[in-house]
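Novice: Fit chain B to the given chain A structure using the hints.
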Amino acid sequence: MKPEEPLWEIFIRSRQGLDHKHVGSLHAADAKTAIENARDVYTRRMEGVSIWAVESKYIHASNPDEAASLYDPANDKIYRHPTFYHLPDEVKHM
Amino acid sequence: MHTTDPQKIFDDKMVNEMRIEPKDWMPEEYRKTLIRQISQHAHSEIVGMLPEANWITRAPSLRRKVTLLAKVQDEAGHGLYLYAAAETLGISRDEMIQQLLTGKAKYSSIFNYPTLTWADMGAIGWLVDGAAIMNQVPLCRTSYGPYSRAMIRICREESFHQRQGYEILLTLCRGSREQKEMAQDALNRWWWPSLMMFGPPDEASPHTAQSMQWKIKRFSNDELRQKFVDVCAEQAGVLGLKIPDEKLKWNEERKHYDFGEINWDEFRNVVKGNGPCNKQRLADRVSAHENGEWVREAVLAHAEKKKQRSAT
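Residue numbers (our numbering), protein chains in the order written: chain A, 1 to 94; chain B, 1001 to 1312.
The shape of chain A in the complex, shown without the other chains (with noise of 0.2 Å):
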């Protein structure tokens, strides 16, 4: 079997300031094609300042299975919201 191009997860910063978000992946050999592949695959129409290119082997998830015991100790915790606590009206700017 011919060896294949490793697969490379692409995150793009869309606005300078915000966060770089996933967008999707691709094929290339190495890094900088990567970078220059998810260039013309994903910034076509100006969605990017910015891009990260992160070898999809290197990406560890979570198992989503186990995703109802990882995420349910949080549901019941209503008091790390501000709407948990009771002020009168007239207090204002908080």
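None of these hints come from the bench; they were simulated from the model. Glycine included, each C-beta is placed from N, C-alpha and C at the ideal position. Treat the hints with care, as some may be off.
Computed cross-link-like contacts, DSS-like style, restricted to lysine-lysine with a CA-CA straight-line distance of at most 30 Å [claimed, not checked]: (1) B/Lys1215 / B/Lys1180; (2) A/Lys57 / B/Lys1305; (3) B/Lys1255 / B/Lys1227; (4) B/Lys1023 / A/Lys32; (5) A/Lys21 / B/Lys1215.
Here are some, though not all, of the chain A residues that point toward chain B, as calculated from beta-carbon distances under 8 Å [said to hold, decoys possible]: (6) Gln16; (7) Val23; (8) Asp76; (9) Lys77; (10) Tyr79; (11) Arg80; (12) His81; (13) Phe84; (14) Tyr85; (15) His86; (16) Pro88; (17) Glu90; (18) Val91; (19) Lys92; (20) His93; (21) Met94.
Covered by chain A, according to a simulated footprint, are these stretches of chain B (three or more residues, beta-carbon under 8 Å) [to be verified]: (22) 1054-1067; (23) 1142-1151; (24) 1166-1180; (25) 1233-1245.
Specialist: Just chain B, lined up with the frame of chain A:
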């Protein structure tokens, strides 16, 4: 005309309200200023857990206890966001921690005051977090990208911190005479140190002018302090508490509250290390760090062992 002069490119970004990102060229002094400010901010979040942790086991109800736990947990998280933002400037986590533990780096002086009663949890939420929010909201627009994004996240999460503190005080103020006195006593002790959180007056603040030019800071210390006094004066009224300042008075001409002289000798003294709790706070951090050493070693040893097993 297109320029390749890095200083000019940097200056243009400042003028055009563009964010500076880790890989961009930046003046060495800009980098140093940010490392100092962001790491101090991170240290403040971490040391700031201590005065409140003091009351977790003695919170008066389960509701207050889960709230206090969630708040202290947030502060740990906020310290981590900020350390990570500072690391993008080329300083290591270890180096920052060492600077804190050896006393080389500062943290907010407010945390060198003791938390004597339950009402202090209310006063800290209302005043200390209130002052922090006043400082942090403009930092969401600070010129360094990773810092500004960390601040956006922090401000969003902290929105409950001030409210829970105010709610504690409100409950005490509507309670027995003793409870209301406890609230007043907490306000008396925390008011002036909270005003000091904004830093020295503008004419004595060595970094302000440069930081404003670099758009790291958006408002001067005195501007933010005035804003804070104006807001608190009204909020104290709703509680029925008296701010401990005989000179506090609405000035119709200025459309602001006038207020009394801050004791800057006390401020300088606490910064120098002579506040009521400086030694205890630092000793607690050093001991937490040293007692955690074996855990950090074990974690790395375990990861190494797993790596070797999967290799064979």
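Novice: Each hint needs a verdict: does it hold in this structure or not?
Specialist: Okay, the hints, checked on the actual structure:
1. For a cut-off of 30 Å, the pair hint linking B/Lys1215 to B/Lys1180 is broken: about 43 Å separates their Cα positions.
2. For a cut-off of 30 Å, the pair hint linking A/Lys57 to B/Lys1305 stands: about 21 Å separates their Cα positions.
3. For the proposed pair B/Lys1255 and B/Lys1227, the alpha carbon gap of about 11 Å is at most 30 Å, so the pair holds.
4. Proximity of B/Lys1023 to A/Lys32 is assessed by CA-CA distance (about 16 Å); at most 30 Å being required, the pair is judged to hold.
5. Restraint check for A/Lys21 and B/Lys1215: the C-alpha separation of about 26 Å stays at or below 30 Å, so the hint holds.
6. Interface restraint check: A/Gln16 against chain B, minimum CB-CB distance 5 Å, threshold 8 Å, status holds.
7. The beta carbon of A/Val23 comes no nearer than 18 Å to any beta carbon in chain B, farther than 8 Å, and the hint placing it at the interface is violated.
8. The beta carbon of A/Asp76 comes no nearer than 10 Å to any beta carbon in chain B, farther than 8 Å, and the hint placing it at the interface is violated.
9. With a least beta-carbon distance of about 7 Å to chain B, the hint placing A/Lys77 at the interface is held under the 8 Å criterion.
10. Interface hint status for A/Tyr79: upheld, as the beta-carbon distance to the closest one in chain B is roughly 5 Å, under 8 Å.
11. A cut of 8 Å between beta carbons decides the hint on A/Arg80: the least distance to chain B is about 5 Å, and the hint holds.
12. With a least beta-carbon distance of about 6 Å to chain B, the hint placing A/His81 at the interface is held under the 8 Å criterion.
13. Because the smallest distance between the Cβ of A/Phe84 and any Cβ of chain B comes to about 7 Å, under 8 Å, the interface hint for this residue holds.
14. At its closest, the beta carbon of A/Tyr85 sits 4 Å from a beta carbon of chain B; the interface hint therefore holds under the 8 Å criterion.
15. Taken as an interface hint, A/His86 checks out: its beta carbon lies about 7 Å from the nearest beta carbon of chain B, inside 8 Å.
16. Among the interface hints, the one on A/Pro88 holds; its C-beta lies about 6 Å from the nearest C-beta in chain B, closer than the 8 Å criterion.
17. This hint holds: A/Glu90 has a C-beta 5 Å from the nearest C-beta of chain B, less than the 8 Å allowed.
18. Contact between A/Val91 and chain B, as hinted, is supported at the beta carbon level, the nearest pair being about 5 Å apart and thus within 8 Å.
19. Restraint check, A/Lys92 versus chain B: the minimum CB separation of about 6 Å is within 8 Å; hint holds.
20. With a cut of 8 Å, the hint placing A/His93 at the interface with chain B holds, because the nearest CB-to-CB distance is about 5 Å.
21. Look at A/Met94: its Cβ gets to within about 6 Å of chain B, closer than 8 Å, so that hint holds up.
22. Remark: the stretch 1054-1067 of chain B is confirmed as covered by chain A, as 3 of its residues place a Cβ nearer than 8 Å to a Cβ of that chain, reaching the required three.
23. Coverage of a stretch by a chain is defined here by at least three residues with a beta carbon nearer than 8 Å to that chain's beta carbons; for the stretch 1142-1151 of chain B and chain A the count is 3, and the condition holds.
24. Closer than 8 Å: that is the beta-carbon criterion, and the stretch 1166-1180 of chain B has 3 residues meeting it against chain A, so the requirement of 3 holds.
25. Using a Cβ-Cβ cut-off of 8 Å, 3 residues of the stretch 1233-1245 of chain B lie near chain A, which meets the minimum of three, so the contact claim holds.
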